[in-house]
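Okay, here's what each chain looks like letter by letter:
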Amino acid sequence: MTELLRVDGVTKAYPGVVANSDVSFSISEGEVHALLGENGAGKSTLVKMIYGLVRPDSGSMTFRGQPYHPAKPAEARRLGVAMVFQHFSLFEALDVAENVALGMESPPPMRELAGRIRAVSEEYGLPLDPTRMVGDLSAGERQRVEIIRCLLQDPKLLIMDEPTSVLTPQEVEILFRTLRQLSAEGTAILYISHKLEEIRALCDEATILRRGKVVATCTPRDRTAREMAELMVGAALTPPQRHPGEKGEVALGLSDLSVDSPIPFGTSLKGVSFTVAKGEVLGIAGVAGNGQDELLLALSGELRVAPDKLRIASAPAGDLGPAERRKAGLVAAPEDRYGHAAAPDMSLVENAFLTAGVRRGLVKRGFIDWAATRAFAEEVIAEYDVRTPGPDVAARALSGGNLQKFLIGRELNQSPSVIVINQPTWGVDAAAAAAIRQAILDRAAGGAAVVVISQDLDELLEVSDSFAVLNEGRLTKPRPVLGLTMDEIGLMMGGAHGMEVAHHAG
Amino acid sequence: MLIGGINVEILIASLMVASVPILLAALGELVVERSGVLNLGVEGMMITGAIGGFIIAVQTQSPVLGFVGGAVSGAAISAVFALLTQVFLANQVATGLALTMFGLGVSSLAGQGYNGIKPPATGSVPFGPLADIPFLGRILFSHDWIVYASIALTAAIWWVLKYTRTGLIIRAVGESHEAAHALGYKVNRIRLLCILFGGATAGMGGAYVSLVRVPQWVDGITSGAGWIALAIVVFASWRPWRVLIGAYLFGGISVLQLNLQAAGSGIPVEYLSMAPYLITIIVLVILSSGRGKASMSAPAALGQNFHASR
Chain V
1 MTELLRVDGV TKAYPGVVAN SDVSFSISEG EVHALLGENG AGKSTLVKMI YGLVRPDSGS
61 MTFRGQPYHP AKPAEARRLG VAMVFQHFSL FEALDVAENV ALGMESPPPM RELAGRIRAV
121 SEEYGLPLDP TRMVGDLSAG ERQRVEIIRC LLQDPKLLIM DEPTSVLTPQ EVEILFRTLR
181 QLSAEGTAIL YISHKLEEIR ALCDEATILR RGKVVATCTP RDRTAREMAE LMVGAALTPP
241 QRHPGEKGEV ALGLSDLSVD SPIPFGTSLK GVSFTVAKGE VLGIAGVAGN GQDELLLALS
301 GELRVAPDKL RIASAPAGDL GPAERRKAGL VAAPEDRYGH AAAPDMSLVE NAFLTAGVRR
361 GLVKRGFIDW AATRAFAEEV IAEYDVRTPG PDVAARALSG GNLQKFLIGR ELNQSPSVIV
421 INQPTWGVDA AAAAAIRQAI LDRAAGGAAV VVISQDLDEL LEVSDSFAVL NEGRLTKPRP
481 VLGLTMDEIG LMMGGAHGME VAHHAG
Chain Z
1 MLIGGINVEI LIASLMVASV PILLAALGEL VVERSGVLNL GVEGMMITGA IGGFIIAVQT
61 QSPVLGFVGG AVSGAAISAV FALLTQVFLA NQVATGLALT MFGLGVSSLA GQGYNGIKPP
121 ATGSVPFGPL ADIPFLGRIL FSHDWIVYAS IALTAAIWWV LKYTRTGLII RAVGESHEAA
181 HALGYKVNRI RLLCILFGGA TAGMGGAYVS LVRVPQWVDG ITSGAGWIAL AIVVFASWRP
241 WRVLIGAYLF GGISVLQLNL QAAGSGIPVE YLSMAPYLIT IIVLVILSSG RGKASMSAPA
301 ALGQNFHASR
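Taken in order, these protein sequences are the chains called V and Z. Residue 60 in the working numbering sits at position 60 of the first sequence; the count goes up by one each step and never skips. Residue 34 in the working numbering sits at position 34 of the second sequence; the count goes up by one each step and never skips.
Misleading hints may appear alongside valid ones.
[To be verified] Straight-line distance between alpha carbons at most 27 angstroms, and here's what the computed DSSO-like set of lysine-lysine pairs gives: (1) Z:LYS162 <-> Z:LYS186; (2) V:LYS156 <-> Z:LYS186; (3) V:LYS195 <-> V:LYS213; (4) V:LYS213 <-> V:LYS270; (5) V:LYS327 <-> V:LYS247; (6) V:LYS72 <-> Z:LYS186.
For the record, the hints were derived by calculation from the structure and aren't laboratory data.
With the hints as extra help, turn the sequences into a complete structure.
So, in structure tokens, the structure goes:
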């Protein structure tokens with residue numbers, strides 16, 4: 001096969017951190033090449049240089065035999081490099097055709113473009129209506145918009161940044177079929193992910209990055225996922241330990257909760273019911289945008305409901321606000337770390353006070369007890385291995401994984417009876433994710449009832465005792481995790497409600 | 001045609017003239033906000049345009065050059081806002097308010113020595129016999145060119161935003177600057193150009209006040225029109241034709257209340273003078289709350305500064 005892209009000794013430094021240091025690798029035509037690494041390993045910076053969003057400090061690139069140094073994405077697109085982003089590249093208030101047009105150099109008139117979108121989307125088995133608003137689409141459909149935007153430009157190299165993080169297993173299958181078809185047609189694919197099983201199923205070659213350097217290359221099919229994970233992390237990994245314990249009485253119950261979404265383009269909750277017992281972990285899966293944010297708001301108390309719809313330890317609590325629910329023993333950790341879970345410009349000490357003030361008794365006669373608050377923050381930092389210069393650093397300055405460890409620790413160390421967490425390890429690297437999961441399991445073993453909302457199925461299967469799926473605001477009946485197959489989960493996620501359908505199809 | 005002592009054709013004709021300053025300023029602000037920038041300095045840009053246009057028109061004795069001067073002065077003062085918010089990433093609300101204060105002060109300073117001077121007159125467009133058509137002739141064919149230009153501008157902005165690539169890019173930048181940046185659009189540059197456009201139309205609107213509506217120079221001549229323009233943009237749900245309706249509504253009630261005062265109605269003058277502000281806002285609030293979706297049409301990135309960090 002002929003070489004398509006060669007990256008040679010590329011280095012890029014930002015103030016205080018070297019994102020890429022002397023990185024070299026190459027891709028042939030039609031090859032599916034994986035770029036592996038933890039968060040902050042420099043994968044994103046590397047592909048942004050290939051896509052022309054960032055300029056390398058030194059090093060060179062060659063594309064189809066020609067020196068290649070795109071000054072902007074338009075130039076990269078013109079030469080045949082296309083990119084599907086993980087986040088931030090669709091416009092919710094615009095329709096599909098407009099979104100596609102924005103990513104093209106010289107789009108045809110709208111009517112013609114709509115026709116081509118239909119044609120290409122059918123050719124690759126990704127049905128899509130060009131006139132729909134992107135805000136109304138599911139995550140999988142949104143990704144189709146991005147892929148079709150790329151395909152319309154007939155790319156030679158398609159870069160995909162964590163494409164499967166928001167897809168159901170069935171959608172992943174469809175995506176892989178499309179990618180294999182593209183690769184058979186000669187399009188090279190640069191595939192970024194940290195889902196190792198997927199990479200083993202799809203990719204021909206892998207380049208592994210750690211701290212900005214290439215540490216290994218391998219053929220994923222010949223390696224186990226565990227081997228690759230250890231190459232990524234550079235250390236042996238220990239899976240979380242479970243302490244099977246007795247289930248106690250019901251600590252949190254939701255009965256037939258329906259609530260309108262306060263979020264634009266949000267999903268309202270429809271008749272959600274479940275109970276969680278002491279010592280139990282309930283995992284709630286579902287593709288983003290199916291009501292996860294709303295469920296967290298309703299559980300945390302930011303969205304109030306009728307008193308008897310939500311009970312904490314059998315006492316009606318639906319009309320209580322967040323602080324009162326904390327007093328009753330329920331703590332919540334939302335998904336968005338910079339802005340919802342933490343006040344980004346305030347220090348860790350101040351952030352520690354914001355939610356722990358009530359339960360840890362950090363207020364004395366109406367004044368904040370700063371000494372106690374600082375001690376609490378330091379306790380969390382030490383116990384959860386938060387890497388920070390000190391407790392007075394602004395929350396914004398911490399990396400996503402470190403801040404998440406701090407925020408989870410802040411909630412878990414308030415000796416809560418009910419814990420609600422949305423996306424506990426989203427964007428967190430493997431080592432920190434393992435630590436967070438372990439902490440959650442430890443709390444459950446200590447008698448807390450835990451609700452984990454996540455899009456990462458592997459994570460949910462690892463930590464939860466029972467499993468349910470949120471789908472368009474409806475929650476399936478929770479089922480025990482033991483004995484649950486991937487097929488059944490896929491059906492639960494795909495819109496089938498209740499177990500009968502799952503059994504029928506399985 | 002007379003209703004209650006008020007001549008309807010003159011009422012309609014004069015409301016079209018009365019609405020022009022607000023319409024121009026609001027159209028510019030609409031484009032600015034669609035690109036994701038909240039410029040609260042409309043009043044400041046209008047009054048700067050009013051004195052800039054007035055000085056140029058008096059010096060050159062050409063009303064057309066006066067309007068050009070108004071647009072240039074408005075754009076020039078909006079460039080200060082653009083520099084502060086797009087280059088130095090200053091807070092848009094605070095900068096916008098400061099811009100209004102600054103504009104009021106600068107115009108007052110520049111206007112020293114121009115009090116009591118009459119600017120050259122801006123004549124009606126000669127439509128010949130068309131203007132003699134009863135009723136419609138007076139309403140449609142008796143105005144100066146700026147009135148027609150303001151309506152044409154409404155149509156042009158509607159068309160550009162809806163059907164052209166330029167419009168699509170402006171909307172995209174206002175919707176999600178992160179996404180637009182990832183696709184390679186120069187967010188801050190596009191916004192800067194929109195701000196200058198908004199400054200230019202606000203300046204023209206201001207010049208219309210000092211050259212046609214009043215026409216002379218007094219301090220604080222725009223008397224809050226910029227604030228009404230801002231409100232109209234929001235309650236018109238960022239749509240050009242609704243901006244036109246809102247501006248005409250405001251102009252209409254302003255003219256009507258003057259006529260009522262002249263006709264000696266029993267309502268106290270104070271209530272009549274507050275009526276245009278009150279009624280415009282109430283009507284637009286009702287309009288925009290109609291389907292409960294008005295807040296959704298706000299540009300999602302409105303008022304947020306963008307810095308390409310990665």
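Here is what the structure says about each hint:
1. Z:LYS162 <-> Z:LYS186: Distance of about 20 angstroms is within 27 angstroms: holds.
2. V:LYS156 <-> Z:LYS186: Holds, at roughly 25 angstroms.
3. V:LYS195 <-> V:LYS213: At roughly 20 angstroms apart (the allowed maximum being 27 angstroms), V:LYS213 and V:LYS195 satisfy the hint.
4. V:LYS213 <-> V:LYS270: Not OK: V:LYS213 and V:LYS270 at ~48 angstroms, beyond 27 angstroms, violated.
5. V:LYS327 <-> V:LYS247: Judged against 27 angstroms, a Cα distance of about 23 angstroms means the pair holds.
6. V:LYS72 <-> Z:LYS186: 10 angstroms, holds
Violation of the numbered hints given earlier is confined to hint 4; every other hint is satisfied by the structure.
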